[in-house]
Amino acid sequence: MKPESPERSVISRLATGASLAAACAALALPAATASAQSGPIRIGVPTAMQLQVGRDTQDGIKMAIEDINAKGGVLGRKLEMVVADETENPETGISAIKKLTADEKVDVLIGGYTSGVTLAQLPHISAAKTIYLNVGSASPATNAKVKTDYDNYKYIFRVGPLNAALQARQMTGFISTFVKGELGLSKIAIVGENAKWVQDLVPLLKKGATEAGADVRAVEFFDAQTSDFSPLFSKVKDSGAQYMVVVLSHASSDIFAKQWHDSRFPMAYGGIDVKSMDGDFCDRIGGKAVGELAANFAVRAPLTPKTVPFFDEFKKRTNRQPVYTAFGANDAVYIYAEAVTRAKTTNPEAVIKELEKTSYVGIPGTIEFDENHDVKPGSATYKGPALLFAQWRDGCKREVIVPKTMRTADFVYPSWIKQ
Amino acid sequence: MFAKPVDLAGAAVFVALMAALPLLFPSNYLIGVLTVSVLYGIWAVTWDFMSGLTGRENFGHALFIGVGAYTAGFMNTTFGLNGWWSLPASMVVAIVFALLIGVPTLRLKGPYFALAMLSGSVIMQRLMLIFWEQTGGEEGLNGLTPLIRSQIGFYYFALAALAGITALLLALSRSHFGLILRAIRGDEATCQAAGINVTFYKIASLAISGAFAGAGGAMYAHYQLQVSPQLFAVVTSITIITMVYVGGMASIYGPVGGAILLVLLTELLRNFGEWRLMIYSCALILILFFLPGGLVAPAWRRLRAALAERRTARSVPASRERSA
Amino acid sequence: MLEILIVGAVSSAIYAMLAVGFTLIFGVARVLNLAHGSFYALGAYGTYVLTSHLKLPLLAAALLSVAIVAAFGVLIERVFIRPMRKSQLAVLMITLAVALVVEQALFLTFGSEYRNVPAFIDAKFTIGGVNIAGARLLALGVGVVVIGALWLFIQRTRYGSAILAISQDPQAAQYMGIPSDRIFSVVMALSAGLAALAGILAGPFLTVQPTMWLLPIVKAFAIVVVGGLGSIPGSILAALMLGYAETIVGYTVSTSWTEIVSVLATLLMLMLRPAGIFGRRAAF
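Chains as they are written, first to last, in the numbering used here: chain A, 4 to 422; chain E, 77 to 400; chain W, 80 to 363.
Keep in mind the hints are simulated off the structure, nothing from the lab. Bear in mind that the values here come from a model prediction, so they are computed numbers and not experimental data. Just so it is clear, CB atoms sit at the ideal spot from N, CA and C, and this is done for glycine as well. There may be inaccurate statements among the hints.
Unchecked claim - From chain W, some residues computed to sit far from chain E (all C-beta separations above 10 Å): (1) 132; (2) 243; (3) 257; (4) 324; (5) 331.
Stated by the list, open to error - Residues on chain E that point at chain A, a partial pick, calculated with CB under 7 Å: (6) 103; (7) 214; (8) 301; (9) 350.
What the hints assert, rightly or not - To spell it out: a stretch of chain A is covered by chain W in this simulated footprint if at least three of its residues, at any positions, have a beta carbon under 8 Å from a beta carbon of chain W; those stretches are: (10) 248–261; (11) 281–289.
Model the full structure from these sequences, guided by the hints.
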């Protein structure tokens, strides 16, 4: 090995130092110089970029931004989107927040998916004093500190989905009025994945169902990574249940449906199945989800004047059906824009006051926040977002079954179940 | 003593550079990235001390990290203790785990030991998920209090810890203790025949490695302000091994460079959006393929040799002048 | 009871197909190929692409997929593994990086959602009152046949003897004129093809998404070590043990405990009998 000449060693040392410094400069110098009250308003989007929920979050936001910019922007300023990948790992999530707030200096954060990541990000969002509009995670814990530690956590809002406790209540209604009430099946099994929000939700569900007169024969949890559900199905069958209520989010819903179909499992199933909200869920497993009843936050039906146009526009642009994060993301941009317009500034303190007064007719329903900055659910008197239960039918079409007021078709048992 | 003046100078320049960077480019984002890279540096150095020297590749280093982090998490959230108690406590707990898993498995070699350690970390990850009521499941423990409120203050603390731990482990590695560890890698049977208590040395090195890794884990917990089972994951252990590899195995100081390089790379590639991890993996293949001895340690050795050359070149003409 | 027997057998068959290939390449080349899981993934995705985009009939797609993955395996061996063979850790690291690249390529091409690999047999069978999907029985049947064929190949043919010779004593084999490089390629092709086949058979009822390579490789690693590195009967036996252990725990306790039971069993095995069941290569 030829020894380096003295000049080259100095140069190589300088070169190493320079490249390290350049790397740090690339990280440290803000990516765009946006002054406080002029220039574009920047929306930071921390989301899981490689997943469908992440893609739809971005597309939902893009649609809203283009619409608002075409109408002149907000306070005369255009809206701009900056995306950072938070994956499903808290460490990447925290650095995504830091990148967006400290480096990109965004005015607001819209995004979120995995509750664990959102929870990890909260103290860092609070330290950055930036408003965060959650569109994807359901754990009630993300908003718990808003009331108890208002000064630090007032920045956190949830535009969607309904938090897990509220979903449990809606599920209880589903079980009592539909499964027991209409189908006449009182023996149920509750099956959920081993995620914390499910583990928190299921006891509430069991209690509510039992109080409504259902007989909960089995409660089974399984690992989100499970790829073989035969033991689970076996236990549920042996328990004597007549209907299987599921709570699935990160789990392999595709395999669950396939194996349910392939083994001609002798009971129908339905409940919360986040992956089943995907428009192509049924198609991509060869139609084997036909018969499943899955909760959706919105389907292409006139829940509000905005619902059908949104679905059509989204389909036109992306050739996909939107998943639930798209609704929240799209609504969140308009909600933020309106709050900023009313506050006449992007200053977080003022905007928060206006956000709290939000009453926006969105895609799944009217969006208003409770004292925990959490989206309020719909009720008999209030047209807020509510869970709709839609069934996959032949040809992979979806029909709304519950609530009865929105029913588009009657429930049909899977072809191999004799009723 | 144990280090030539040029090594000390190099270390001083490095520390000064790392300390100066956040002052030159003030940004919480940069400080965050540097802090995380420094913590990974601590983990990489501790891995190299045990596995690099003894040749027993530990595929479950995440075990000590996770154990230290969760100790800090429990002490801070469940028991409400001040964060500074977590550091010694996490070291103690990590040592206990090192003994628990080390004693039965350290007689294994190569892939067998690797798999045993990997199993240990996977078991701990599973246990954290199974006992979700106590550990928070995959959401983990949240709401830890920071050790030092100021971002840059904590960064300097972490940097000092990294420097201290690296110096200590370097000194150990160049001492009699380290010599025996390297001898064990060479030929364990001969060491045993020579009357050395090989088991003691292996367990001791694992315990030291684990203790400081656990302390790093506690620091991480009090910085990220959360603890999750992902810390125990196989991915974590493998990331650290990759950092040591890129830095230069068995050099102790090389892994520091490897850690900083790889963490910086992951962040710098954010501009590539969806392609980030793909480019990162390809870069990794290139590094592993063309630089099998690593990047940082060999570069330093070449630099050091070049500096020594320059010194000899300078001194020769003077003597020639005198003799002429 | 019968259900446990059958489902356990199916799991074991899939694990065995993965483990046998893994242990084969280790026995012959002393190489721990972490990209082995990628072959499993590529087999499944290859069949998906050939059936859904190129509209090939399923059998043709499956066979073509196996062939392509086998060729890919040989490519990996030539380009990445052969230059690094001096250091086991180097091979480990670079095959891991290759596995990551493959995973990312799949993410970018197909997205993160599950893809549908059609099953050869869609019907459901009832054996002794137990409902079992046809695809699972097929996986079991094909697995047994293929591993049996591989065993015969190694025991009865010249190539097989060459493989055995190299795994017992590489230097002696070289002196005897056995072309070790060519044998490595053959073994790599067999190993990759076997993994791809496992992916194609398991795809219809298990997961097909870009990260599907990681869990099988960790399990294969454990099985191979427990069975004894380089021993095919050992891998088969260990695969059976793991497959049944997981199934039994899943049915009797809960699926949350299956992972931890198998890992714990692996750890205990390593502590009590480190060389594995039939391990010839010393563990210490």
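*Hint check, failures only*: none
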